[in-house]
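Enquirer: Now for the letters of each chain:
There are 2 protein chains.
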Amino acid sequence: MMNFFQYNWQVRDKWLDWCKQLTTEDLLKDRIGGVGSILYTLFHIIDAEYSWLRAIEGKEDVVVRFDDYNTLEKVKTLSDTFRQDIVTFIQTTSDELNDQLVSVPWDEDQYTRSEIVHHIVAHEIHHVGQLSVWARELGLRPVPANFVGRDFKPG
Amino acid sequence: MMNFFQYNWQVRDKWLDWCKQLTTEDLLKDRIGGVGSILYTLFHIIDAEYSWLRAIEGKEDVVVRFDDYNTLEKVKTLSDTFRQDIVTFIQTTSDELNDQLVSVPWDEDQYTRSEIVHHIVAHEIHHVGQLSVWARELGLRPVPANFVGRDFKPG
Numbered sequence: 000m001m002n003f004f005q006y007n008w009q010v011r012d013k014w015l016d017w018c019k020q021l022t023t024e025d026l027l028k029d030r031i032g033g034v035g036s037i038l039y040t041l042f043h044i045i046d047a048e049y050s051w052l053r054a055i056e057g058k059e060d061v062v063v064r065f066d067d068y069n070t071l072e073k074v075k076t077l078s079d080t081f082r083q084d085i086v087t088f089i090q091t092t093s094d095e096l097n098d099q100l101v102s103v104p105w106d107e108d109q110y111t112r113s114e115i116v117h118h119i120v121a122h123e124i125h126h127v128g129q130l131s132v133w134a135r136e137l138g139l140r141p142v143p144a145n146f147v148g149r150d151f152k153p154g
Numbered sequence: 000m001m002n003f004f005q006y007n008w009q010v011r012d013k014w015l016d017w018c019k020q021l022t023t024e025d026l027l028k029d030r031i032g033g034v035g036s037i038l039y040t041l042f043h044i045i046d047a048e049y050s051w052l053r054a055i056e057g058k059e060d061v062v063v064r065f066d067d068y069n070t071l072e073k074v075k076t077l078s079d080t081f082r083q084d085i086v087t088f089i090q091t092t093s094d095e096l097n098d099q100l101v102s103v104p105w106d107e108d109q110y111t112r113s114e115i116v117h118h119i120v121a122h123e124i125h126h127v128g129q130l131s132v133w134a135r136e137l138g139l140r141p142v143p144a145n146f147v148g149r150d151f152k153p154g
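So the protein lines, in turn, are chains A and B. Here the first sequence is numbered in numbering that gives the first Met the number 0, starting from 0 and rising by one per residue. Here the second sequence is numbered in numbering that gives the first Met the number 0, starting from 0 and rising by one per residue.
So here's chain A without its partners, still in its complex pose:
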C-alpha cells in the first residue's frame, strides 16, 4: 500500500508544481464538479488524508481551515508537514491491525483500518482525475497519471 501513497505524493507534488503557472484567480476559481477550485481540491486531499490517518492512529483530528491555507505555498507546506507524520506512521504500523475498527468524528459509522487506507488512496486519485479535466479546460496539459514507469525511493 505504501507504493500507492508514494504514487499519490509524487503526483501531488507535480500538481503543486504545475499550479505555479496559474494565476491566483485560476487557482481559486470555483469550477464545476468535485469540491470546487483547483487549490481547494489539493488542500482537501491533504486534509482528508491526514484526518483519516490521525483517526487510525487514535489521535484527535487536526482541523485546518482553507482560509488559513489559501495560497499555493501554504498548501505545499501543509502537504510536506503532514507527510512527515504519515510516513513515520505507515512505516511503523503493522498489517495485523488491518481489521481493527476505527471511529471518526465526522461519520457515525466505524470502518476498518484497511478500508480507510484504501479510501485515502482512492480519494486522492479520484480528485486528481478531476484536476486533469480542469487542466484541459484551461488549455493546459495535465500532470501524467500513469502508475507504471515510476521509480519510488523508500521514505
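Be aware that a few hints might be false.
Claimed, not checked - With a Cα cut of at most 20 Å, we get these calculated DMTMM-like pairs of lysine to aspartate or glutamate:
{"#": "1", "chain 1": "A", "residue 1": "28", "chain 2": "B", "residue 2": "136"}
{"#": "2", "chain 1": "B", "residue 1": "28", "chain 2": "A", "residue 2": "136"}
{"#": "3", "chain 1": "B", "residue 1": "58", "chain 2": "B", "residue 2": "107"}
{"#": "4", "chain 1": "B", "residue 1": "28", "chain 2": "B", "residue 2": "72"}
{"#": "5", "chain 1": "A", "residue 1": "19", "chain 2": "A", "residue 2": "79"}
{"#": "6", "chain 1": "B", "residue 1": "73", "chain 2": "B", "residue 2": "84"}
Please keep in mind that the hints were generated in silico from the structure rather than gathered at the bench. Since the structure is predicted, the reported quantities are computational estimates derived from the model, not experimental observations.
Fit chain B to the supplied structure of chain A, relying on the hints for placement.
Expert: Leaving out everything else, chain B in the frame of chain A:
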C-alpha cells in the same frame, strides 16, 4: 488488492447504470479532457484493464475496437465478459510473482506484475474522477466514489 478491483467494478457498474439516463448523443459526445466521451472512457477502462491483465498472464492481447462496442449494452457486456476471466486469474495467481517482469506489446519498457496491478487500479479511479466532472457539467449527480462503507462480496 482484490478489494480495489471489487471497488472499481462496483463503481463501474454504477456508472454503467447511471449512463442509462443519457441520450446516445451525450454518451458519445467528445468532451474536454480524458480520452473523450463518457462511453469511450468506460470502454477504455475495460479494455486497458483486460490488456494489462492478459500481459501479466503471458497471453496475447485481445484487441477490441470501440466501433464494435459503441453502445451502452455492448460496453456492459464487454465488461462482464472480461471480468469473469480477471476474477479467475486474480484468485489463482500468487503474490510471489509480484516482482516478475512483464513485457507488453504497446510499450517498450518492462514492468513488474505489482506495478501493473497498481497501474490498473489507479487508471480506472483516475478516469472515473473525470466522469464525475462531466456528470456535473451535464447537471447530474455523479456516482459516489467513497471507498469506505461498501460491502464487498467475494467473486
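Enquirer: Each hint: holds or not?
Expert: Hints, one by one, checked against the model:
1. A:28 <-> B:136: 16 Å, holds
2. B:28 <-> A:136: Holds, because 16 Å separates the two Cα atoms, which is no more than 20 Å.
3. B:58 <-> B:107: 17 Å, holds
4. B:28 <-> B:72: 17 Å, holds
5. A:19 <-> A:79: 17 Å, holds
6. B:73 <-> B:84: 17 Å, holds
The structure agrees with every numbered hint stated previously.
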